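Chains as they are written, first to last, in the working numbering: chain A, 48 to 384; chain B, 90 to 388; chain C, 7 to 185.
It is possible that part of the hints are untrue.
[Stated by the list, open to error] 25 Å max Cα-Cα, derived DMTMM-like pairs, lysine to aspartate or glutamate: (1) B/K155 - B/D179; (2) A/K161 - B/D291; (3) B/K237 - B/D197; (4) A/K299 - B/D352; (5) A/K299 - B/D291; (6) B/K241 - A/D74; (7) B/K233 - B/E385; (8) A/K299 - B/D277; (9) B/K244 - B/E215; (10) B/K133 - A/E204; (11) B/K155 - B/D277; (12) A/K135 - B/E215; (13) B/K175 - A/D210; (14) A/K207 - B/D286; (15) B/K244 - A/E204; (16) A/K105 - C/E61; (17) B/K237 - A/D74; (18) C/K58 - A/D74; (19) A/K299 - B/E106; (20) B/K219 - A/D157; (21) B/K175 - A/D74; (22) A/K101 - C/D90; (23) B/K345 - B/D117; (24) A/K113 - A/D131; (25) C/K120 - C/E136; (26) C/K106 - A/D260; (27) A/K161 - B/E215; (28) A/K161 - B/D247; (29) A/K206 - A/D131; (30) B/K280 - A/D260; (31) A/K135 - C/E61; (32) C/K106 - A/E261; (33) C/K53 - A/D74; (34) B/K133 - B/E118; (35) A/K299 - B/D370; (36) C/K120 - A/E258.
Keep in mind that the hints were calculated from the coordinates and are not lab data.
Please read all numbers here as calculations on a predicted model, not as lab measurements.
Take a look at the letters that make up each chain.
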Amino acid sequence: MSEPLYADKPELICPAGTPASLRVAVDAGADAIYCGFMGPTNARNFPGLNFSLKEMAKSVNYAHDKGAKLLCAINSFPSAGRTDIWRKAIDDAVSIDVDAIIIADIGMADYMSKKHPNNRIHLSVQAGASSPEAINFYTDRFDIKRVVLPRILTVQEIKKVHDEISCEIEAFIFGNIGMMAEGRCSLTNYVTGQSTNMDGVCSPANFVHYEEDENQNLTTRLGEFAIDCIGCGQNAGYPTICKGRYNVSHRKEYYAFEEPISLNLTHLLPDLIKAGVTALKIEGRQRSKSYIRSVVSSFRNAVDGYARGETPDISELLALTEGHKQTEGAFKSKAWR
Amino acid sequence: MSVKLNIGPNLFNWSPEIWRDFYFKIADEAPIDNVFLGEVICSKRAPLFYPVLEQVVERLEKANKKVIFSTLAEVTSNIDRRLMNKQTADKNIIVEANDISALQHLKDTPHSIGSYINVYNEDSLEFFAKNGATSIALNPEMPKSAIKQLSKCAKALDVELEVQIFGRIGLALSARCYHARAYDRTKDSCKFICDVDPDGMDLTTMEGQRFLSINGIQTMSYTYLNLVNEIDELLEFGINNLRISPHSKGTLKAAKTFRLLIDGKIDASEASTRLKEEKIDAPFSNGFYHGEAGNEWRV
Amino acid sequence: MNAQNISDLDTSPGQNRLNKANKGGVLRFLPPLPLFTLRPLLTHIVKSIAKKHPELFLRLGNSANKTFLINPTNLPFFLILKPDPKNPILKAHNRRDIIKHDVYIAGSFATLLKMIDSKTDSDALFFNREIVVSGDSEAMVALRNALDDMDDSLASDVAASFGPLAPPIRKIFDLVNKA
Numbered sequence: 048m049s050e051p052l053y054a055d056k057p058e059l060i061c062p063a064g065t066p067a068s069l070r071v072a073v074d075a076g077a078d079a080i081y082c083g084f085m086g087p088t089n090a091r092n093f094p095g096l097n098f099s100l101k102e103m104a105k106s107v108n109y110a111h112d113k114g115a116k117l118l119c120a121i122n123s124f125p126s127a128g129r130t131d132i133w134r135k136a137i138d139d140a141v142s143i144d145v146d147a148i149i150i151a152d153i154g155m156a157d158y159m160s161k162k163h164p165n166n167r168i169h170l171s172v173q174a175g176a177s178s179p180e181a182i183n184f185y186t187d188r189f190d191i192k193r194v195v196l197p198r199i200l201t202v203q204e205i206k207k208v209h210d211e212i213s214c215e216i217e218a219f220i221f222g223n224i225g226m227m228a229e230g231r232c233s234l235t236n237y238v239t240g241q242s243t244n245m246d247g248v249c250s251p252a253n254f255v256h257y258e259e260d261e262n263q264n265l266t267t268r269l270g271e272f273a274i275d276c277i278g279c280g281q282n283a284g285y286p287t288i289c290k291g292r293y294n295v296s297h298r299k300e301y302y303a304f305e306e307p308i309s310l311n312l313t314h315l316l317p318d319l320i321k322a323g324v325t326a327l328k329i330e331g332r333q334r335s336k337s338y339i340r341s342v343v344s345s346f347r348n349a350v351d352g353y354a355r356g357e358t359p360d361i362s363e364l365l366a367l368t369e370g371h372k373q374t375e376g377a378f379k380s381k382a383w384r
Numbered sequence: 090m091s092v093k094l095n096i097g098p099n100l101f102n103w104s105p106e107i108w109r110d111f112y113f114k115i116a117d118e119a120p121i122d123n124v125f126l127g128e129v130i131c132s133k134r135a136p137l138f139y140p141v142l143e144q145v146v147e148r149l150e151k152a153n154k155k156v157i158f159s160t161l162a163e164v165t166s167n168i169d170r171r172l173m174n175k176q177t178a179d180k181n182i183i184v185e186a187n188d189i190s191a192l193q194h195l196k197d198t199p200h201s202i203g204s205y206i207n208v209y210n211e212d213s214l215e216f217f218a219k220n221g222a223t224s225i226a227l228n229p230e231m232p233k234s235a236i237k238q239l240s241k242c243a244k245a246l247d248v249e250l251e252v253q254i255f256g257r258i259g260l261a262l263s264a265r266c267y268h269a270r271a272y273d274r275t276k277d278s279c280k281f282i283c284d285v286d287p288d289g290m291d292l293t294t295m296e297g298q299r300f301l302s303i304n305g306i307q308t309m310s311y312t313y314l315n316l317v318n319e320i321d322e323l324l325e326f327g328i329n330n331l332r333i334s335p336h337s338k339g340t341l342k343a344a345k346t347f348r349l350l351i352d353g354k355i356d357a358s359e360a361s362t363r364l365k366e367e368k369i370d371a372p373f374s375n376g377f378y379h380g381e382a383g384n385e386w387r388v
Numbered sequence: 007m008n009a010q011n012i013s014d015l016d017t018s019p020g021q022n023r024l025n026k027a028n029k030g031g032v033l034r035f036l037p038p039l040p041l042f043t044l045r046p047l048l049t050h051i052v053k054s055i056a057k058k059h060p061e062l063f064l065r066l067g068n069s070a071n072k073t074f075l076i077n078p079t080n081l082p083f084f085l086i087l088k089p090d091p092k093n094p095i096l097k098a099h100n101r102r103d104i105i106k107h108d109v110y111i112a113g114s115f116a117t118l119l120k121m122i123d124s125k126t127d128s129d130a131l132f133f134n135r136e137i138v139v140s141g142d143s144e145a146m147v148a149l150r151n152a153l154d155d156m157d158d159s160l161a162s163d164v165a166a167s168f169g170p171l172a173p174p175i176r177k178i179f180d181l182v183n184k185a
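Construct all of the structure, not just a fragment, from the sequences and the given hints.
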């Protein structure tokens with residue numbers, strides 16, 4: 048057996064959209080779970096998803112009893128006149144002993160760093176801090192302990208960032224890719240009047256329509272705009288604007304922004320760890336608990352396997368990826384840009 | 090305080106000659122106050138207009154237009170970081186920061202905050218004001234209720250706020266270049282294909298609905314923002330900086346028209362008629378301001 | 007174009023699909039079935055779930071007031087679900103009935119059970135089009151999230167109640183087979 052690749056195992060950070068998913072993720076071996084409160088304070092504000100304060104408090108106990116951490120995402124941007132809701136969310140999260148709060152809005156980072164200076168702030172991917180200068184701004188002003196890097200950097204760039212910053216790095220390794228710069232997207236608001244940045248909604252369900260014609264062609268629509276049209280026998284999808292197919296003058300029906308594929312960095316895990324990533328993040332708070340169980344267990348095996356010096360096989364993860372295609376995205380090379 | 094009418098940074102890839110001539114015309118003929126210059130979208134484009142930058146600055150300043158330099162909005166690669174360093178190095182110019190990384194270079198230097206940095210609430214506004222911002226441009230998706238509230242706070246903090254009133258709306262940024270992608274190229278191998286679309290590349294849905302506009306890494310509205318009917322209210326709120334975002338046509342007309350409107354020499358209806366005379370091949374929208382879908386036009 | 011209202015649904019794609027389902031196959035020719043015999047069974051299922059999992063209804067929020075039409079494509083009836091916490095209803099309808107609804111969900115009975123089985127990724131069933139949905143997407147997403155929050159396997163409870171040995175179901179199937 049070869050030498051273990053690293054002495055300190057990275058943390059596996061797993062998503063949970065409901066208390067049941069959280070328990071599943073903890074039981075499957077997550078080191079930490081990230082989740083949010085019901086309502087607009089986080090970036091996965093879907094109907095029926097997320098936690099009440101009571102549920103979050105119970106979940107903190109469940110996680111801590113099993114040696115796992117709970118990170119509370121309060122990562123949307125309150126608009127003027129609404130900051131009291133976000134401030135209360137921050138105060139509530141601190142009161143139930145969450146292990147860190149994931150924040151994007153500078154006003155809220157300022158609030159938290161002054162009111163709760165002894166509590167951990169993690170900088171959300173929604174803050175879009177993709178350079179050492181940007182990250183250092185946040186560590187200097189708000190003493191952030193960790194930055195969740197945007198999914199647009201190559202492994203080499205991550206290493207460079209690591210060498211020039213003082214806080215920990217958390218990087219996405221699996222799940223839906225959002226290639227639009229996070230925290231700065233008004234596409235949903237342009238179509239629906241509800242804002243991703245201010246209300247935490249992306250392609251909100253109440254504007255989603257599925258229309259099947261007599262030939263079983265399915266048009267998925269957000270508001271009045273057709274996002275995709277899928278033929279009989281082809282896989283359906285949720286009409287996320289940046290995953291749709293569109294026309295330009297010289298090209299028809301193509302994925303103008305991104306194909307609906309999933310990030311899967313299993314084979315890059317050792318490189319990421321060498322580059323200085325301390326926490327590995329799985330995307331998917333809106334996914335089912337059976338999905339979470341499968342993904343978390345597989346990555347638990349992978350991380351443990353690499354730590355022992357093995358090369359684990361995670362081929363079953365392919366079946367779980369959106370659209371059944373996977374990519375290593377920007378992480379491998381700049382050709383993805 | 091008088092109301093300033095400003096021309097935002099050109100967001101598109103125009104040839105240096107066209108870029109220069111555009112700004113010469115603005116200098117000579119546009120009744121505006123501030124002009125923003127600088128490459129906001131793609132670090133690859135910046136060197137293209139360096140040869141004509143100095144002449145443009147000189148002409149604008151001679152015409153009593155104040156020049157402010159806008160930085161890049163998304164900073165990731167080494168080229169981006171080097172450009173950002175360059176854009177913020179000169180302490181004798183006024184810089185509009187469009188990415189947080191700029192602020193690391195602008196410590197102790199008064200500066201503007203561009204609409205690409207999220208200032209959505211009172212707490213953020215206060216932070217940036219105390220951090221040295223003298224002027225803040227609001228994100229175009231802000232509804233009027235928030236604009237009104239922020240304007241009150243800004244006044245107390247002695248910071249000016251700016252609202253975009255005309256031109257396509259920037260809706261998203263990405264590390265991926267969508268112009269290059271449309272031609273099966275990457276950002277590195279793009280051959281500057283974005284230069285074929287002076288106002289963005291039209292994107293329609295599979296049903297032919299006119300939906301968005303692509304400008305390199307930026308996704309914009311298909312519609313042109315037009316707050317001609319909302320100027321009175323903005324002025325009432327205390328907003329004293331109004332920004333027109335440049336396009337290949339209509340910018341000078343918009344500058345003249347909005348100036349007359351602000352000065353009370355024509356009313357909104359007359360202003361609206363004049364703006365329509367430019368026959369811009371895209372509908373107008375004002376939905377965001379009214380808290381509605383951004384593509385909509387509220388009468 | 008907002009989420010459809012009940013009154014719009016007679017010509018909605020959901021109703022069109024219903025009409026098509028009603029037209030297709032041998033099920034179309036059935037005489038009206040004595041579905042009232044299923045009533046105690048279905049009522050028992052929905053009320054015991056409501057009792058065991060009150061948080062399911064809280065999670066549904068406003069969508070608890072909606073009507074969900076479930077089409078088990080290989081069974082001779084439709085199901086109507088109204089998850090009102092004060093008076094939850096689950097009942098069967100003949101396929102020829104015109105049923106006003108907010109959400110339409112169709113799939114084979116086995117697939118529908120998989121959808122509520124905590125061991126299955128229900129999203130995959132949707133992506134693969136084994137489940138077809140239309141109507142009020144907000145209610146659909148809320149129901150999906152509410153169901154996913156349940157630890158126990160709702161599916162095995164339901165399957166047990168619906169099992170071929172359950173007398174009311176047996177009688178219905180016998181009638182279908184004779185037709």
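Review point. So which of those numbered hints doesn't the model satisfy?
Key: 2, 3, 4, 6, 11, 14, 15, 17, 19, 21, 24, 29, 30, 33 and 34
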